[in-house]
Structure formats: structure tokens, C-alpha cells
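**Student:** Sequence:
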Amino acid sequence: MNKISSLYIAFGSFAVLFLLFKIFSQNGIQNQIGKTNYKICGVTLVAPPKPFPINPTQDIKMVHANWVALIPYAYSPLGIPEVRYGANSWQWWGETKDGIIKSIELAQKSNLKIMLKPQVYMHNGWTGSLNFELESDWIKWELDYEKYIMSMVDIARDYNVDLFCIGTEWNQATAKRPIFWKQLIQKIRSKYQGLLTYSANWDNYLQVPFWNELDYIGISAYFPLVESHEPSPVELKSAWTKYIVEMDTFSKSLNKPILFTEFGYLTVPGCGGKTWELEKKVDQLPINQQAQANCYEALFQSLWDQRFWAGGFVWKWFPNDEGHEGYIEKDYSPQHKQAEQILKKWYANSNH
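The sequence shown maps to residues 1 to 352 in our numbering.
Since the hints were made in silico from the structure, they are not lab data. Hints may be right or wrong, so weigh each one.
[To be verified] 20 Å max Cα-Cα, derived SDA-like pairs, lysine to any residue: (1) K147 with A87; (2) K61 with N349; (3) K242 with Y222; (4) K337 with A348; (5) K252 with W211; (6) K176 with P209; (7) K242 with Q301; (8) K147 with S136; (9) K280 with S129; (10) K242 with L196; (11) K316 with E277; (12) K344 with P209; (13) K345 with N66; (14) K281 with I328; (15) K252 with L196; (16) K316 with W92; (17) K97 with A47; (18) K316 with D283; (19) K113 with Y38; (20) K256 with D203; (21) K252 with Y205; (22) K316 with T168; (23) K337 with D321; (24) K140 with I155; (25) K345 with Q289; (26) K140 with P77; (27) K140 with K113; (28) K344 with W304; (29) K50 with G86.
All figures in this text were calculated on a predicted structure; none of them were measured in a lab.
Based on the sequences and whatever the hints tell you, model everything.
**Tutor:** Take a look at the structure:
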């Protein structure tokens, strides 16, 4: 046998072993789905404007998290069929390719599993309302969105990311363009061997037409519970009941687990109600850590032992303790608040 033949055989053997390693790694995660003693205990790491001054994963590990979500934001102008990504003049470092790769490497060194969750920001708008009258506009938007998503898929593949989220809260786009989404999933599967999900808004997950193509039913879990200023965990648990029945039934109908791709509560009175309305007036509201902590406690008491619930990702975790527009004390983050101790207590229960 000549040297070239030997090299081909050696390379082929290595390739087969590498493929088997990836398959067994993913099977290991899949085999944990549905076990009540294993939960995805995740946090969503906010992309910083500059490189991390210190490794953010140490604080994340302190609350017993075993997963981290990374969000490389793109931008869409309201009403215009464009998805812009890679313009370093406006992007924060943590959202760039270099920033995402560095974040992945830090997480992996700390034995954290990763969900890569590319997401689109619309100033003065919401992705769920995106809609176009012209077919040509839809096609242009789809081409831009696919280019953005597939560039993130390349990173997920090259850096062995565990879970990839194909989109977040596209209520109109998923309803009106189901063929696009199913074809996009096929293209992602052809390049990436990891697990897939989509993040549906809490009031829209029943209408998503392509759950059968994915591994998890993903939900942005901002379910409105109780609107009083500081409801007790008992009151909040009662409000969870109808949602749990609905999710359990839906999960069984598709034989797929439900993952909270986002969950969290503002640190203000009434945070267990319609949180999207509170966001508009958060600067006028007082701080209320107890209200936030009660919502966390009720969520975990209600869902932890549900077999359909795979876990979730806290929205959100700031690596430099800087919150949205300066309101970290009132923001969704549980950091340095009563809710952090609730999170730590429950996350410690998972069979990591």
C-alpha cells in the first residue's frame, strides 16, 4: 500500500470517528429530553459592546446554569424588506462574528452547552407584525433572512454549537410563508447536525406550521398571569394551570418537548401580567424585587416536574452588570436580586 492510499484511509477513518462523535454527542442531549431530572437551565447572555473585561461564564456557573443562549442581532428597518447584519458601525462587538465565536469558546471551556439564537431587531416595531403586500418584497426579505441565518449556521456547525434557533416571534411571516420556513429548515439540516428549535411568541405557538421539522417546541414564555402588584406564588401558580394543560396537550400531540427559549420578569410591580405593556413605562415604576422573585418561584413550582417541559433560558444576563437603557435594577435580569437566589435553588435541582 502506498503512502497516499494510507493517508486516504487514515483520513477517512478520522472523518468517520468525528462524525460518530458528533452523532453520539447529540444523541446524548436527545436522550435527556423528557427526563424530569434533567432540565435545560439556561441564561441568555447579553452581547457586550466591547470584548469581555472578565470571563462572564463564572457568574453564570454560580447559579448552576448548564446552558447559555447567544444572540447575534441583525437589524431590519420598519416596513422595509431588508435584514442587515455585519455592519460594524452599529453592531456591538458581542454580536459580530468574532464576538460570537469568542463567546462560544468561553462557554465551551466552562462546560456550558450553547443555543445560538440569531434574532432581528426592529426599531419602533416587532418582528411578529412583519408583513408585506408585494410578493417581490417577501422574496427580497426571505433572501436577506436566509443569508443571515445560514451565516450563523456556519458558525454553529464549525464550533459544534448544541442547539440552533431558526427565528424568533415571526407571527405573520410563519403563517404566510410556511414553504419558505420548511425549505430553510431543510437547508440548515443539510449543513448542521445539531438540534433545532424556533422561538414562538406565547400566544402564537399553536399556529406554527413546522414544529414537526424541529426538535423542540420553543416558546417566548411571557404568559400573562396575574396583573396585581405583588401576587403570591400561590396566586401565580393558579394562573399557570390553563397554560400548562394547553402545553401538555400540544406537546403530546406532536411528541416533542417544550422549551422556554425566553422567560423572565421585570423587577417592578405587576410583572406577572402583560410585561410588554410595562416595558413602555418602566421608568415611571418603582423597583419590586419580591414581585419578580414570586414569579420565578411560581414558574418553577408549576413547571419543573412537568415531563413536557425541557427547561428554558432566562431573559437576560448582563456580563458587565449594565441593563437595558440603564435600568438594570428594574430590568428582566435576576442578577443581584432575590430572583437570583430562586434561580440558583431550582437550577441546582437539575441532573447536570
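**Student:** Among all the numbered hints in the text so far, which are the ones the structure does not match?
**Tutor:** Of the numbered hints, 10, 12, 24 and 27 do not hold.
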